[in-house]
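All chains, full assembly: derive it from the sequences and hints.
Heads up: the protein sequence lines correspond to chains A and B, in order.
Mapping of the first sequence onto the numbering used here: position 71 corresponds to residue 1162, and the numbering continues sequentially without gaps.
Mapping of the second sequence onto the numbering used here: position 340 corresponds to residue 1431, and the numbering continues sequentially without gaps.
Source of the hints: derived by calculation from the structure; they are not laboratory data.
Mixed in with the good hints, there may be bad ones.
Just so you know, same-sequence chains aren't split out, so a pair can sit in one copy or run between any two.
In the BS3-like style, the derived pairs of lysine-lysine whose C-alpha atoms are separated by at most 25 Å in a straight line are [unchecked claim]:
#	residue 1	residue 2
1	K1524	K1442
2	K1334	K1482
3	K1334	K1133
4	K1442	K1315
5	K1524	K1113
Every value quoted in this text rests on a predicted model; they were computed, and no experiment measured them.
Here is what each chain is made of, one letter per residue.
Number of protein chains: 2
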Amino acid sequence: MSEPTLKIGLAGFGNVGAGVFKNLEKNRHLLRERTGCVLEIKRIAVRDPSRERSFPLPPGLVTTELSDLVDDPEISIIVELIGGTDRAFDLVKASLESGKAVVTGNKALLAERGHELFAIAEANGRPIHYEAAVAGGIPIIKAVQESLIGNHIQSVVGIINGTCNYILTRMSEAGLSYSDALGEAQQLGYAEADPALDVNGWDAAHKAIILASLSYGRWVPCEKIHVEGIESVRTEDITFAAKLGYAIKLLGVIQLHDESGSIEVRVQPSLIPANHILASVKGVYNAIMVRGDIVGNTLFYGSGAGQDPTSSSVIADIADAAMWTQPTRGAGLATHSLYGETLPISESVSKYYLRVEAEDRPGVLARIATVLGEFGIGILSVIQPEDHDEKYAAIVLMLHYAPYGIVSDALAAISNLDCVRSRPVLLRVEDLK
Amino acid sequence: MSEPTLKIGLAGFGNVGAGVFKNLEKNRHLLRERTGCVLEIKRIAVRDPSRERSFPLPPGLVTTELSDLVDDPEISIIVELIGGTDRAFDLVKASLESGKAVVTGNKALLAERGHELFAIAEANGRPIHYEAAVAGGIPIIKAVQESLIGNHIQSVVGIINGTCNYILTRMSEAGLSYSDALGEAQQLGYAEADPALDVNGWDAAHKAIILASLSYGRWVPCEKIHVEGIESVRTEDITFAAKLGYAIKLLGVIQLHDESGSIEVRVQPSLIPANHILASVKGVYNAIMVRGDIVGNTLFYGSGAGQDPTSSSVIADIADAAMWTQPTRGAGLATHSLYGETLPISESVSKYYLRVEAEDRPGVLARIATVLGEFGIGILSVIQPEDHDEKYAAIVLMLHYAPYGIVSDALAAISNLDCVRSRPVLLRVEDLK
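Printed below as a string of structure tokens:
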């Protein structure tokens, strides 16, 4: 194969860094088919190679010097996952100045020093990709930057801190106190040992600043935005809000004021209508509603943190950077044959809802059940509604897992029973994971 | 300014075509800032220029010959919005062979002849963009193709036909019969005069085929997929399903079977749990849940049809094609100053939730209300819960629209009342459009 190989320098091998390495390896084949490139991590820089890690450092690739990545002319993409804003700033700057593309998931770095870094990127004609910096696995950066490019963004309203959303969800659903819910989040590994940046709203604020810059073409300084955390929210507030028809969520909000053209950026715990789609975002999930002047409301939902979801975004950025350095493939369809054949519907297995209209007399259900039994189809439950016309009644059955082909044959046999009025209605019960 | 000008040939000026023209014009300035290009529609081909249109044909640009677009060497992007699969196929083919990028919203064309067209695109090294072909304004194509590029797609479950979702929503919420709900959808312009392709599932099937091809790298022939419409669903099925804890939605489903590697593609009305986020997708909205092996569940929600939302996707594709032909800008931040200043939080206006813990004696509410009145803040409602400790009780007030600065001052004054125990809790009530 003559695919070009893209060499990557990975800085940082914490939770997300290890996820990037692991998943690039796991889906290596797929990525080669889809990008037309081989994506290879050539070098990994860590501060302390001897530290114990849940995912072991791959031998032979490790260095303790960031300059070993930056100075390597073979490396064309630097992935910055070391965190912090000082060494990370120097690394990104040096990488761009060496002509490398940069991928980063560092929201604090961009929120605080993005204005400097993007100027350096522009001066050097090299891109900074940062999908992982906002809302983990949700592709919100690309959505705003590329998919909604034709829209004036009128507002962005996001649940963009999973820890806070988990805490508020548990306070709401289990009636936990704030401190018990926080303790639970820490125990489950959702909240840091020092959860201050999460619960005081500043993690969300960094993300809101990035979304605002993307939407409005300029960096809003941290001191110009209003940030409140969830520390003052009590379980009784959630209860009172529910009585009034609202849910409480920590929201990052950016908003364009049409008349003045001014923009508003803030993070606050807020009441939203309980039947709004954002209110159905529970636990550690994130969701961001973006309103554009052309597209109207759009919403993007998914895992806002975690090793695997966040590494999905980093890998997408690496693939984008690879396309940038090797613009040989375009927006076509990467045809390949990694997957098998199309499954015939007859072999597709699920549970079913079956409604039969039959004569309203004893023994009818038994006859239907007998047919189902002959085909080996189990019955989960039966409803026989009381309302019906004089002679015919509906019988609703929930059927156990069975291949569609068999259920289909059973259906034909049931249709042929003389006590059945018309063709029964069969609906699939979808297994949603 | 030295921005390059990209000349576009627009084929078709129906609902979506007119929307593309109108919105490219409306947000011209923004698009120039963001793309670094001037996007100019040079020529518009229509079959019948004399036909009456809700948006008038722009004078001077019109031709009745598609070849006037294809043969114009200045035109680098062809936007195909003529529909159908014969003339549209010839147009796309000729455009790619003339070295032009193609943008299309034609789902039937791609579902039926995508395998031919993408081969032509690859042979000519020119891209086909088709964001508008699936789910209108929702950027699901780019999400699957680029943002989730590192993932094996395990399943895609989508509400991808707005007409059917509108009908099912009205049957569910207003108890309408199928035919009354369909009639209403037609009256509101959601359903075509001949709604057959919508209600029989084939519109959704075309979209499912495109999503399957994108996910699995190959075109699934129409005859290999199972398609059922919603014609057989009766209002009583929705009622029975609700009793069992389910909602009924028309779903397009594609699914990878891990063991065999085989893929399943089908469109069916299905029961889904009533508390699932997909069940909260109402009316003409669309939503697509994509499950990747790395990212987990993601969901994309928005308007699945309509002039403006669909044109938002076409414009994004045009911008992508422009970047392709002029790869001068990258994934940076298009800094510009189209928008005004950051609004100080003190001027931000909303309604509020206010909880005050105060002494439990007559006259306390009056004193709080007096302070609010002095600051000119209206009270929408008051709850005084009965549970409280001996001496102190919570009072919850919903406050009318007011600037945060004033509410903040009022809050300080209320805190200072001697009957108030601790700092009151103030939460914003978010206006979600």
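Checked hints:
1. K1524 x K1442: Within. Shortest intra-copy distance 14 Å satisfies the 25 Å Cα cut-off; inter-copy 38 Å does not.
2. K1334 x K1482: between (46 Å within a copy, 24 Å between copies)
3. K1334 x K1133: Neither. Shortest intra-copy (57 Å) and inter-copy (57 Å) distances fail the 25 Å Cα cut-off.
4. K1442 x K1315: Between. Shortest inter-copy distance 22 Å satisfies the 25 Å Cα cut-off; intra-copy 54 Å does not.
5. K1524 x K1113: within (23 Å within a copy, 41 Å between copies)
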